[in-house]
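Fit chains B and C to the known structure of chain A by using the hints.
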Amino acid sequence: MTQQVTTQLTEKLPRLSRARAATVRPWLLLAPALAVLAVLLLWPLVRVFLFSLQDYGLREITTGEPNWIGVENYAQILATPELWTVVLPNTFGFAVLSVAGTVVLGTGVAVLLASLGTFWRTVTSSAIMAAWAMPAVTGTYVWVWIFDADRGVFNDALMSLGLLDDPTNWFTNRWTFYAIVLLNVIHHGFPFVAVTVLAGLLGVPKEMLEAAEMDGAGSFRRFFSIIVPQLRQVFAVVIILSTIWDFKVFAQVFLMPGGAGSNRSVLNLGVWSYVESFGQNRYGFGSAIAVLLTLLLLVVTAVYVRTVLAEEER
Amino acid sequence: MSTTRPLVRPDAGAVRRPQRRPYGRTSRRSPLRQLGKGVLVALLLVFTLFPVYWMLNSSLDAQAGHTNSFWPAEPTLEHYVFVLTEGGFGTFLRNSLLVALGTVLVSSALALLASVAVARFRFRMRTQILMLVLVVQMVPLEALVIPLFVQVRDLQLLETLIGLVVVYVALALPFGIWMLRGFVAAVPVELEEAAYLDGASWGRMFWSVLLPLVAPGLVATSIFSFITAWNEFIFAMTMLGGATENYTVAIGLRSFFGVHSNDWGAIMAASTIITVPVMIFFILVQRRLASGLTAGAVKA
Amino acid sequence: MTRAMRRPLVAATGAVLLAATTAACAGGSGDETEGDGTLSVWIMQGTNPDAKTFFDDVSAAFEEQTGATLDVEFVEWADAHDRFVTSIAGGTTPDVAETGTTWTPEFADAGALAPLDEYVDGAGVTEDLVEGLVEAGTYDEQLYGMPWYAGVRSLVYNTEMFEQAGVEPPTTWAELEEAAAGLKEEFPDKIAVAVPGDAEFTVYPWVWGAGGEVATLDGDTWTSGLDSPESQEGIEFWTGLATEGGYSSEGATTWRETDVLDAFAAGDVGMAVMGSWTPGAIVDANKDMEGKFAAVPIPGQDGGIAPSVLGGSHLSMFETAEDKDLAFEFIEMMTTGEFAQQWGEQSGYFPGQVSLLDETLASTDPLVAPFAEQFVDGGASVPAAPTYGAVQAKLTTSTMMQSILSGEADVATASEAAAEEMTNVLNGSE
Chain A
1 MTQQVTTQLT
11 EKLPRLSRAR
21 AATVRPWLLL
31 APALAVLAVL
41 LLWPLVRVFL
51 FSLQDYGLRE
61 ITTGEPNWIG
71 VENYAQILAT
81 PELWTVVLPN
91 TFGFAVLSVA
101 GTVVLGTGVA
111 VLLASLGTFW
121 RTVTSSAIMA
131 AWAMPAVTGT
141 YVWVWIFDAD
151 RGVFNDALMS
161 LGLLDDPTNW
171 FTNRWTFYAI
181 VLLNVIHHGF
191 PFVAVTVLAG
201 LLGVPKEMLE
211 AAEMDGAGSF
221 RRFFSIIVPQ
231 LRQVFAVVII
241 LSTIWDFKVF
251 AQVFLMPGGA
261 GSNRSVLNLG
271 VWSYVESFGQ
281 NRYGFGSAIA
291 VLLTLLLLVV
301 TAVYVRTVLA
311 EEER
Chain B
1001 MSTTRPLVRP
1011 DAGAVRRPQR
1021 RPYGRTSRRS
1031 PLRQLGKGVL
1041 VALLLVFTLF
1051 PVYWMLNSSL
1061 DAQAGHTNSF
1071 WPAEPTLEHY
1081 VFVLTEGGFG
1091 TFLRNSLLVA
1101 LGTVLVSSAL
1111 ALLASVAVAR
1121 FRFRMRTQIL
1131 MLVLVVQMVP
1141 LEALVIPLFV
1151 QVRDLQLLET
1161 LIGLVVVYVA
1171 LALPFGIWML
1181 RGFVAAVPVE
1191 LEEAAYLDGA
1201 SWGRMFWSVL
1211 LPLVAPGLVA
1221 TSIFSFITAW
1231 NEFIFAMTML
1241 GGATENYTVA
1251 IGLRSFFGVH
1261 SNDWGAIMAA
1271 STIITVPVMI
1281 FFILVQRRLA
1291 SGLTAGAVKA
Chain C
2001 MTRAMRRPLV
2011 AATGAVLLAA
2021 TTAACAGGSG
2031 DETEGDGTLS
2041 VWIMQGTNPD
2051 AKTFFDDVSA
2061 AFEEQTGATL
2071 DVEFVEWADA
2081 HDRFVTSIAG
2091 GTTPDVAETG
2101 TTWTPEFADA
2111 GALAPLDEYV
2121 DGAGVTEDLV
2131 EGLVEAGTYD
2141 EQLYGMPWYA
2151 GVRSLVYNTE
2161 MFEQAGVEPP
2171 TTWAELEEAA
2181 AGLKEEFPDK
2191 IAVAVPGDAE
2201 FTVYPWVWGA
2211 GGEVATLDGD
2221 TWTSGLDSPE
2231 SQEGIEFWTG
2241 LATEGGYSSE
2251 GATTWRETDV
2261 LDAFAAGDVG
2271 MAVMGSWTPG
2281 AIVDANKDME
2291 GKFAAVPIPG
2301 QDGGIAPSVL
2311 GGSHLSMFET
2321 AEDKDLAFEF
2331 IEMMTTGEFA
2341 QQWGEQSGYF
2351 PGQVSLLDET
2361 LASTDPLVAP
2371 FAEQFVDGGA
2381 SVPAAPTYGA
2391 VQAKLTTSTM
2401 MQSILSGEAD
2411 VATASEAAAE
2421 EMTNVLNGSE
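Protein chains in written order, with this note's numbering: chain A, 1 to 314; chain B, 1001 to 1300; chain C, 2001 to 2430.
The following block holds chain A by itself, in its conformation from the complex (with noise of 0.2 Å):
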């Protein structure tokens, strides 16, 4: 699709004027959304780096002077031992785990709804609009009535049938508190996949795979061998979305019991910039771990950047 619109409109515009027109005008289109990526996210791109390499306080945010200690915030965060043993686990296995359950969970959904007559996937794919529609606070808390220790439909549903004798609090351990999060997230984020891969799957002409059928071809080979090459693309978007998505998870953790900062066992890289910086008026610390975090992002991402851009130019 691209090669066909890259055809130069210029060039087919022999007047003088036209031409210079068409120097100018792109820059003039793209100013104003130039000048607000360099204002808002440029530059305080720059910023998180300056103020990670100094003792930010809060004297330092009211005062503007710098206080630079070089690179001893970061020294600080790699010599935590937590920063190994909860943090990049929870940040990076949590996001790993979550990107996995919405890919899979979403793709299936929307080969579930290929197969559906019309009716069937109106309703369903309604639903699952529903559940993308929930704003990630309001599921947090929905999430965390069901959950809750007391009085949350969950505990109460295993106690009366027999399969808990007590209430437990899922929140205060770390595997049963992500495993909420991880149902929280992947609620929210699978019909977004599931959308875009039933689109996407819409599009395969269906010759191919009836041909793959008479070759013998079971349905497995044929999703494998046809259609994730065919959504190759597809796949490639919904996956880096859900990656950039997953990994900066801050509203799910932050909102449930314990989640801002009274249970370590649940940081991760977000909540703890946050809490350090907002709460221990720690700035400099804090943006040197929004720094981490900003770092491990752009290198998982990278590659994609690089394979798409790749494709376009070919």
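It is possible that part of the hints are untrue.
[To be verified] Here are the simulated EDC-like pairs of lysine to aspartate or glutamate, each with C-alpha atoms no more than 16 Å apart in a straight line: (1) Lys2052(C) x Glu1086(B); (2) Lys2052(C) x Glu2073(C); (3) Lys2190(C) x Glu213(A).
[Claimed, not checked] Under 10 Å between C-beta atoms, here's a sample of chain B residues computed to sit facing chain C: (4) Arg1153; (5) Gly1203; (6) Met1237; (7) Glu1245; (8) Ser1255.
The set of hints was computed from the structure by calculation and includes no laboratory data.
Don't be surprised by glycine CBs; every beta carbon is placed ideally from N, CA and C.
Then chains B and C, alone, in the frame of chain A:
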């Protein structure tokens, strides 16, 4: 039905053309298969809808928080009355609406202009700009809370709705450019050339040819910006600070929870009030959304 | 929708958006720079159940006296520290705010507060201020927090449940455990004693009651004593009520004090450590509870009274206040005379002025007297360091409690970790 389609829908060809039947319903319909499918659909519906249902159920039950039942044991609307009056959710809804609409308007306009530039013109640094947009999309904005807080403070916009709009535009813009670019690229150049041959100016061509054709894309990006602004939490929390009268729904709910943490009926009523408008909107536009996603993000 | 309809719709949407943005501009225009005749004030929410009416009266009186209008904003305790810090960083502080006694030195240290000595001397009330509150509000030998009110936590119990279970209010720890056991037997589905995991001030009485210390100052170095054998014994007893006795609830592991209050008001709790200000809030939340609960001072290990935190609030003036005289006029109106007394009566707090306090302490009200006894004979203070606010924000004690209550760590391990962290944060070395 066909009249409802936009003139150029990027995936329309694939879906409509009968001789290229899409992947989809197979002709095989064994009863076992149907049953299995039914079970899967049922499971899926339970998973997606249970939280929504439980939220509604609790919000309508005066007994919520005391006894759990699968339909309101003592049906009431008192929770809704409470959150809308004393809870202040009327104000929060208004604020969120203003912020979200402001974000949609500004970010769509900027994204459209920028996407035309990158999709329609070849100029030096085009690749670099594209790269920039992509990379910027990868930056976790949440990591920039501290400098953005300082930035917005320096602009004297802390605790204001405008301050939030400014930040949300930055949040929504890269994705908007990326998505719209696909739509603009899909508009046949011939149409524009025809307009030029008719003597139209570039500006006129933009308004009368390009804009109507990328309208579906604008709808899709608008939805994204809207949702971004409606759901956003961490910036609202840090930047609105003590300005309760400017709270958006997300932090309004958190602050309500802080005071009424055990009043689950009311918390669920507040959650419902926040969620349902978006939900209805989403269900109404789901077709648009799907086409927007494929055209913009995916078929880049 | 047909194609023909789409255009007008787009146009209409555009118009709506435009109107909305314009409205947003109007609605959002920051009115932080109001200097002329408006005083912005932050007050903590939940102290006085009738705060709205109270401040309506104050506003009217203030306007009559000064011609200026009051803009009162209610802030929740749970959020307040972060919010203050954020507003200090952002330069959006109010003119006057209620500051928790543990925060005043911290905000003064950040250069956000204006010293009050001059004004207080001018008003001639220096001698009448309650000493503990003055001490807590003093930083670098200057007064930054005007004593407003103080409160203390005691043991509040549900008299109906106690009668029905045939148990007596405890005077020692052994009796407390007995009472809990009796309650649990009679009310297996209720909470005999609430042991909340996210409420540091309910923990310290047991630390002090066993002879331990939260933190001590030696020279200019703080050392937390949470891991001393005495402290551990106290923590062991308190958490043991939940982990071994099963007298608390699973949910309480992540409870804050407001959750305890809600549950107590609902009649689900036998006893709990609660503040002198809660009786009003309990009845306010549930009319049925009226007359069905009482309080006793927190028992010491073998009798006597275990010390409990003398918490309270100052009214502080921020450097950003443009009209400082006006700001102090408000502070004076709030902390002295009629309004101070009224606030104390409505909220169940003890006023910050000696002349008013004596009156309250002489009360025989069963929901005032035990607290007054605790206040006088069993009042203690948290470490008076400007960094204590950071310890609170770090949730050090809550972290310890939650890890013990959830069984993730034993008392020894958890208290050692907490002590180490508290020592570091107090000394500003982390």
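Where does the structure disagree with the numbered hints, that is, which hint numbers, in rising order?
-> 3, 5
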